[in-house]
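Student: What follows is each chain in one-letter form.
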Amino acid sequence: MDWLRSLWKIKFYALFALLIYGGFLWAGLHGSRWLGSDDENTENLNGNSHTTGTGGRSSFYHK
Amino acid sequence: MSSALPPPAAPAQVECPSCWQQLPYYDAINSAFFGCPKCHTFFEYPEIGKPKQLQKFKAKPSMQRTLPLGATGTLKGVPYRVTGYMWRREVNSTAHWEEYQLRHEETGAYHQLAVYQGHWMLLEPTEEQYRVQQGNSRRAFVETTDDTFRLYNRYSPRVLYAEGEFDWNVLDDESLSISEYISPPLMLVRERTATKRVHWFRAQHLDPLEIQNGFRVVNSHIPFRTGTGAIEPAPSQATWPILRTFSLVAALLVVVTHLFLMAWGNETVLDTDFVSNPQTVPLEQPVGSGGDRPMRVSPSFTVPGTGALSIRLSANVDNSWLELPFTVVNEQTGQLFEATRGMEYYHGVEDGESWSEGSTETDALLNSVPAGRYHLNFYPAADASNQNPISFHATVQARASFGSNAFLALVLLLLYPAIQFVRRHYHEQQRWENSDYGPGAAS
Numbered sequence: 001m002d003w004l005r006s007l008w009k010i011k012f013y014a015l016f017a018l019l020i021y022g023g024f025l026w027a028g029l030h031g032s033r034w035l036g037s038d039d040e041n042t043e044n045l046n047g048n049s050h051t052t053g054t055g056g057r058s059s060f061y062h063k
Numbered sequence: 001m002s003s004a005l006p007p008p009a010a011p012a013q014v015e016c017p018s019c020w021q022q023l024p025y026y027d028a029i030n031s032a033f034f035g036c037p038k039c040h041t042f043f044e045y046p047e048i049g050k051p052k053q054l055q056k057f058k059a060k061p062s063m064q065r066t067l068p069l070g071a072t073g074t075l076k077g078v079p080y081r082v083t084g085y086m087w088r089r090e091v092n093s094t095a096h097w098e099e100y101q102l103r104h105e106e107t108g109a110y111h112q113l114a115v116y117q118g119h120w121m122l123l124e125p126t127e128e129q130y131r132v133q134q135g136n137s138r139r140a141f142v143e144t145t146d147d148t149f150r151l152y153n154r155y156s157p158r159v160l161y162a163e164g165e166f167d168w169n170v171l172d173d174e175s176l177s178i179s180e181y182i183s184p185p186l187m188l189v190r191e192r193t194a195t196k197r198v199h200w201f202r203a204q205h206l207d208p209l210e211i212q213n214g215f216r217v218v219n220s221h222i223p224f225r226t227g228t229g230a231i232e233p234a235p236s237q238a239t240w241p242i243l244r245t246f247s248l249v250a251a252l253l254v255v256v257t258h259l260f261l262m263a264w265g266n267e268t269v270l271d272t273d274f275v276s277n278p279q280t281v282p283l284e285q286p287v288g289s290g291g292d293r294p295m296r297v298s299p300s301f302t303v304p305g306t307g308a309l310s311i312r313l314s315a316n317v318d319n320s321w322l323e324l325p326f327t328v329v330n331e332q333t334g335q336l337f338e339a340t341r342g343m344e345y346y347h348g349v350e351d352g353e354s355w356s357e358g359s360t361e362t363d364a365l366l367n368s369v370p371a372g373r374y375h376l377n378f379y380p381a382a383d384a385s386n387q388n389p390i391s392f393h394a395t396v397q398a399r400a401s402f403g404s405n406a407f408l409a410l411v412l413l414l415l416y417p418a419i420q421f422v423r424r425h426y427h428e429q430q431r432w433e434n435s436d437y438g439p440g441a442a443s
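Heads up: the protein sequence lines correspond to chains A and B, in order.
The numbering of the first sequence is UniProt numbering, which starts it at 1 and goes up by one.
The numbering of the second sequence is UniProt numbering, which starts it at 1 and goes up by one.
In short, the hints are calculated from the structure, not lab data.
Don't take every hint at face value.
Reference excerpt, derived from the structure (chain B facing chain A, CB under 10 Å, subset only) [unchecked claim]:
#1 P241
#2 W264
#3 A364
#4 S401
Which chain B residues stay away from chain A? Per the calculated CB distances, all over 12 Å, these [what the hints assert, rightly or not]:
#5 A28
#6 A32
#7 C39
#8 G70
#9 L75
#10 T126
#11 N136
#12 S137
#13 T268
#14 V349
#15 D351
#16 E361
#17 A400
#18 P417
#19 H427
#20 R431
Quantities reported herein were computed from a predicted structural model and do not represent experimental measurements.
For glycine and all other residues, C-beta sits at the position ideal for the given N, C-alpha and C.
Next up, chain A with everything else stripped away, as it sits in the complex (with noise of 0.2 Å):
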């Protein structure tokens, strides 16, 4: 009880880091990079496409 008392005492503390773990653990568990993705494709699965690729490409190809 007096551990949970003195935790009051830095509550916002104690939810700012609750929130972190819990995004750190859902980023790790979905593999999502907070610093982002060194994906270039823009495109989405409906075939609109907008790419930044450094070799210049305009189209993709498929197996």
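Model the placement of chain B on the given structure of chain A, informed by the hints.
Tutor: Below, chain B alone, put in the same frame as chain A:
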């Protein structure tokens, strides 16, 4: 006016033997020494016999008095009356401080309220006897069941001025050797008389607001705080222990989770070599146009679950470069991921010293790649002067772990505690800069 209410009339009066001023006083039983605010005479008024003049103070403090004699107030829930005032200094220092004599309104016990550079503390006598360890050292300390009190100051006082009533001859204090041991916000004060008798006092820090509210003093009469007080609590004093523990536990949890993710994922799903003819088309040549680059297609592989996909590439570049655009193709949905990575490695000897730059390896990380069956398409392009076949190697890991999230999470979690730590460290440094003793002192 320092107090909203005028002090009530004192139950008794005594006459100054020097100027005949009538001095009110409140403790008719114990008070025997008096300081006259009019002529600055300090005198004894014994139960039997005539009053005896002991000293005439030359100086009267010029600063604004926060609490007038007779004022009543409450500190830490205890009702007090101000019955005396002293202005003191250390023998071997220019440090001056004020001391108010407070009388417990219910028990009649006397406590002292000291203020130095705007920092307040309340002292009360204790019957407890403490044992000083390493007593002859500058790092002397007192160990109690709860805390370690470190030596902060040693001095003998000089009484520059006194007024009001006292139950002891304050001038005798000049023969005292005083040692102060601190464990903020508490202090243990040891007073040793010339006859080696020892008395201990316990002091606690008071916030100026407690004085202001407890005695109903207007803010402008509270002395301005300068520097760091001897027992002024460091920032976040109340929350620091739990903040430190909680943040370290949270950081440890992040590290353990990261290790778990590393063990759980990083499954190699493709590990293949590729060989391609050298391609001499200019880099500006768009892929898919007439002079297209050759394509190399990897075997299919299965990504077992949604997660990051790590693609590590290495090539046999030797004083040459290779540009390697590639796409990751989901064979079931057609979803594409693409990236371009270049590798260049140059080395040689110049002026007798070998040099090298670049790397034969690179990698890419694709976020949140869904489970499914995939293959890779590579579109290599190399230096036009390179006539050798291009050889490169690709390793793909599914549900790849990456340290950057853990690093960012640790930075975010530890930033606030780190700031508090630095503030506290600076505060302690400032505190001990005012002392010739303590942890940093030479023994």
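Student: So, for every hint listed, does it hold in this structure?
Tutor: Hints versus structure:
Among the interface hints, the one on B:P241 holds; its C-beta lies about 7 Å from the nearest C-beta in chain A, closer than the 10 Å criterion. Restraint check, B:W264 versus chain A: the minimum CB separation of about 9 Å is within 10 Å; hint holds. Given the 10 Å rule on beta carbons, the hint for B:A364 holds: about 4 Å separates it from the nearest Cβ of chain A. The closest approach between the C-beta of B:S401 and any C-beta of chain A is roughly 7 Å, which is under the 10 Å cut-off, so the hint is satisfied.
The beta carbon of B:A28 is kept farther than 12 Å from every beta carbon of chain A, the shortest such distance being approximately 47 Å. No Cβ of chain A comes within 12 Å of the Cβ of B:A32; the nearest lies about 48 Å off, and the non-interface call holds. Listed as a non-interface residue, B:C39 keeps its Cβ farther than 12 Å from every Cβ of chain A; the least gap is roughly 53 Å. With 12 Å as the threshold on Cβ separation, the claim that B:G70 sits away from chain A holds: the shortest Cβ distance comes to roughly 39 Å.
The Cβ of B:L75 sits about 24 Å from the closest Cβ of chain A, beyond the 12 Å cut-off, so the non-interface label holds. Residue-level check passed: B:T126 sits 26 Å from the nearest beta carbon of chain A, beyond 12 Å. With a least beta-carbon separation of about 39 Å from chain A, B:N136 lies farther than 12 Å from that chain, consistent with its non-interface assignment. Here B:S137 stays apart from chain A, with its beta-carbon at least about 35 Å from theirs, past the 12 Å limit.
Even its closest Cβ contact with chain A, about 15 Å, leaves B:T268 beyond 12 Å, as expected for a residue assigned away from the interface. With a least CB separation of 32 Å from chain A, B:V349 remains clear of the 12 Å interface cut-off, as annotated. Taking the minimum C-beta to C-beta distance to chain A, about 34 Å, the non-interface status of B:D351 holds against the 12 Å cut. Its beta-carbon lying about 15 Å from the closest one in chain A, B:E361 satisfies the requirement of being farther than 12 Å from that chain.
The beta carbon of B:A400 sits about 7 Å from the closest Cβ of chain A, which is not more than 12 Å, so the claim that it is off the interface is violated. Non-interface status of B:P417 relative to chain A is broken: a Cβ of that chain comes within 12 Å, the nearest being about 8 Å off. Distance check on B:H427: its Cβ is at least 19 Å (rounded) from any Cβ of chain A, clearing the 12 Å threshold; non-interface status holds. With 12 Å as the threshold on Cβ separation, the claim that B:R431 sits away from chain A holds: the shortest Cβ distance comes to roughly 23 Å.
When each numbered hint is compared with the structure, violations occur for hints 17 and 18.
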